[in-house]
Amino acid sequence: MSDIRYTDQHEWVRVDGDIATIGITDYAQEQLGDVVFVELPEIGKELAAGDEAAVVESVKAASEVYSPVSGEVVDVNGEIETTPAGVNEDAMGDGWFVKLRLSDPAELDKLMDEAAYNEFVESLQ
Amino acid sequence: MRYLPLTETDRREMLGVIGAKGVDELFRDVPESARRDGLVDLPRRNGELEVERIFERMAAKNVAAGSVPFFVGGGAYRHHVPATVDHLIQRSEFLTSYTPYQPEISQGTLQYLFEFQTQVAMITGMDVANASMYDGSTGCGEAVLMAHRVTKRRKAVLSGTLHPQYAAVVKNLSDFADYKLEIMAPALPGTSEDVISRITDETSCVVVQTPGFFGELHDLRPIAEAAHAKGALLIAVVPEIVSLGVVTPPGEMGADIVVGEGQSIGNGLNFGGPYVGLFATREKYVRQMPGRLCGETVDADGKRGYVLTLSTREQHIRREKATSNICTNSGLCCLAFTIHMSLLGEDGYRQLARINHAAAVKLAERLAAVPGVEILNKAFFNEFTMRLPRPAADVVDALAEKGVLGGVPASRLLPGAAEVEDLLIVASTEINTDADRAAYAAALKEVL
Amino acid sequence: MSGMNKQGRPTSIDGAGAACARETFTGNKALEHEEPLLFELDNPGACGVDFDDPGEFTSRLGNFERQGRIGLARVSEPEVMRHFVRLSAKNYSIDAGLYPLGSCTMKHNPRLNEKMARLPGISDVHPLQPQQTVQGSLELMSELSHWLKELTGMPGVTLSPKAGAHGELCGMMAIRAALIARGEDETRTRVLVPESAHGTNPATAALLGYKVDAIPATKEGRVDLEAFKSKLGPDVAAIMLTNPNTCGLFERDIVKIADAVHEAGAYFYCDGANFNAIVGRVRPGDLGVDAMHINLHKTFSTPHGGGGPGAGPVVFSEALVPFAPLPYVVHGDDGFRLVETEAQAKADGTTPFGRMTAFHGQMGMFVRALSYMLSHGSDGLRQVAEDAVLNANYVLASLKDDLSAPFEGPCMHEALFDDRFLKGTGVETLDFAKAMIDEGYHPMTMYFPLVVHGAMLIEPTETESKQAVDLFIATLKDLARAAKSNDKDRFTGAPYMSPRRRLDETGAARKPVLRWAPPVPAQAAE
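From first to last, the protein sequence lines are chains G, U and H. When we follow the working numbering, the leftmost residue of the first sequence carries the number 8, and every step to the right adds one. When we follow the working numbering, the leftmost residue of the second sequence carries the number 146, and every step to the right adds one. When we follow the working numbering, the leftmost residue of the third sequence carries the number 24, and every step to the right adds one.
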């Protein structure tokens, strides 16, 4: 199963088995502008839903990326650490941030699906 | 009023455009209870001549350092500043410009900041330096906070070599930011201090000053090794930056952060400020560094240029998540440093340091010959500590009566510490002549 | 994600049009020279100073002798002079033109102040000289304190903070010290800060461990009194408020705010960045302020110096005076005396919270500020505030129909505009500002305060003549007209005429180059 969920803070989460991949949305990368730096968590760190998972910086803005779900960090995207432009180029794909081992899949139900998120973004403009 | 160009006619015309009857109308949002109709209770305006007279009267009540044999140090040093420095820093384009937020029309400031950063990194033996802090003491406080961020620990150890007022600044920050601090007893020259045993798994950093408060040069290598073994950082503080012209830089002794007071290069004594804080570190810690940074880039035509960079660390972007609340740097003092250091260059800087060391050695030899005086230091640069047969504060006052400013009594900065009461910290730089040294020795002999 | 700056300024250099000027062989443009880095001027054997040899002496450096080359450039004095003069030519300055940076108060810097600061009896004095040899310096500090207290209507002042943000930190520390003394430090953990505040305010509160709680603004650009009152509670330590605020408006409800803060047992910190608007006319002490820093480099005209040094003395209310930090000056029978240790303070009956810096503060700035004050006098300072406010309102009234203003006047010392007038033009605030550079002006403050979209904050200051302000207004009108009439390239590629065009800030941040390094082959040859 591969289904993408969204938060109102512009993070996305894609679940594959018990592994959740987390990133920021295309809308978010566009608003941020050129990403120049990404700070990722240590592997093994336990995150609760809403915890700060990463930091993403453009030239003039810095934002925390919050984890939409709870779990243990099992992988981070070293590529975007060395080449932050990757977040701008493919925010929803290769520009992912962290992978978690889900501890509470029920949390996903509280998040938006694509249609709801698109509507939410519309409302911001 | 000579500084105000608007005339009464101008003001009337402008009020007409605004549609206000009088200027009071523009202040109508001020609550009535706080409006003042009359003038505040202070003197009226003065012409240039009157203002000069007022300041000259006050100046006459001071003893200028240059008017007497002068040997005061303790974190601020009197050096000769080339005439070029003061001329250049008074150029309008440097003196009256703002922070270089518009890089297209601020390349002058930005390029010298880049040169400053390079000079500071070179002399400290570190990878990178920022565009300066307020001064050495506040830079030291910031360095400790940075070490907490890097190590994610909350406890610093301050060696007894650290200037007591620097330690007070760090303590103040730690008190309010709820960090733990261990401040060691004053490290008198000739005694050994065991910093290493204080380093634990909880320690974020050790702060050691060299030359130390008492003028002694300290070996940082074993401390750096011990700190790194426990995952802690070594912060080295250099209050007299001329020393690095002849002394092994902290960067070559394993320091992770170097904080310096740059006043000695390009800047006068000014009764304690403004000075210029130097701040250098290892490349890997750059993003945890406080303060402004200038970086190289290119413009739309591909030409090399400079910008303030990594500014997301700073308060105007990160607000409550900033690495520090610091907003300004020491701009013009930092420019004075850069220009003076440019004039000195590799050879001049080394030679200046040698002359300073020679001056202090010669003074130490002369004063050691005064009966009752004991020089405590083993290794020193341009400042040393002597033990006198009676309280140093009284001796300094008596010397001042005789027209010699003889140094800093340790008790002034370490009040209540009985073991320092008889200690006098004495500095000598290139400004001192043989006649100055002779005058000091003679006066000291009389006073003791 | 948090804190996403939806007004993020574009900073890449894509799409900037080509330069129109003819290229020269040298890259120089007449009076403006391309200048290499100092290190590229290195000429082994050259030196900009002459020293005598120190002669024979026995080294006492122990085993700490520096080995190897440091790498500093070797350059003669004429070359150093030329290098820095050429660099200076690449800077805009208040001496050269109007500098309308809102909230920065870029006013004329009288040279008399520089001259006074350089009197040897004032500049050539060591902070640790015996006190009987520095009576003039202590008198000067005492005199400055007197002026600051009178002008603010506050009973106490501390001079030592090194800059505005440092003063803020000092003021908030005094507040926390007072709360500790009251036994309420554990319970009062929240600091209220308006959305429109300078970034230093939340950064300062956070540094002291406070939780920052934002207060929303009303449609009129002021603190929402009701929303503010609803946020007050027994856990609030202080409010940090800028007045006049960052929208250039006087907070009409300020006395009510102060009363409510005090009733709730909290303290009122005022950011004094905008004191220039009210100096001599309104005293913060009469508004209920407990602590306020004063940027001597703004209101009292000590030069900005390309980013410093500043100075940020803090005035205190009766409630906070006992907690003011070390050192301070007292006057007794035997002259002036510095209280610089805890023991001395105890004897003096005060309980300082600690020390902000080594020594006594930015003396060099104190001299300049006092010289400025003595020159103006009580009458001149009042005129300063009035002319600053008059100039700003004149700008607002003259431009509100050509640009767009989010709030009704009168404003105080600065006029705020937004980017509605640029809607549909393809020109953004940043582009508009960069086009001002080509017209010979430094841009206004942009994208601040954050509460207004595409903000442009203009502070002309009182030292601009009507003629200068008229020309500035005419230029902005011309630019606004150009933006609205499809002359987009004039803006999006701007500046074209400056020593550098837009710089690649993204590239600078992605791969930071923070120092010069010798080219590799040259290094090998050393």
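These are calculated hints, taken from the structure and not from any lab test. Ideal placement from N, C-alpha and C gives every residue a C-beta, glycine not left out. Hints are supplied without guarantee of correctness; some may be wrong.
[What the hints assert, rightly or not] PhoX-like cross-link-like pairs, simulated, lysine-lysine; straight-line CA separation at most 20 angstroms:
no.	chain 1	residue 1	chain 2	residue 2
1	H	K52	U	K448
2	U	K316	H	K369
3	G	K52	U	K297
4	U	K429	H	K534
5	G	K52	G	K106
6	U	K590	U	K547
7	U	K507	U	K590
8	U	K206	H	K138
9	U	K166	H	K489
10	H	K534	H	K507
11	H	K507	H	K446
12	U	K297	U	K325
13	H	K254	H	K242
14	U	K448	H	K242
15	U	K547	U	K206
[Stated by the list, open to error] Which chain H residues face chain U? A few, computed with CB under 8 angstroms, are given here:
no.	residue
16	F48
17	T49
18	A53
19	L54
20	L60
21	G71
22	V98
23	M104
24	R199
25	F273
26	V278
27	D402
28	L494
Quick check: which numbered hints come out false for this structure?
Result: hints 10, 14, 16, 17, 18, 19 and 28 break, sorted rising.
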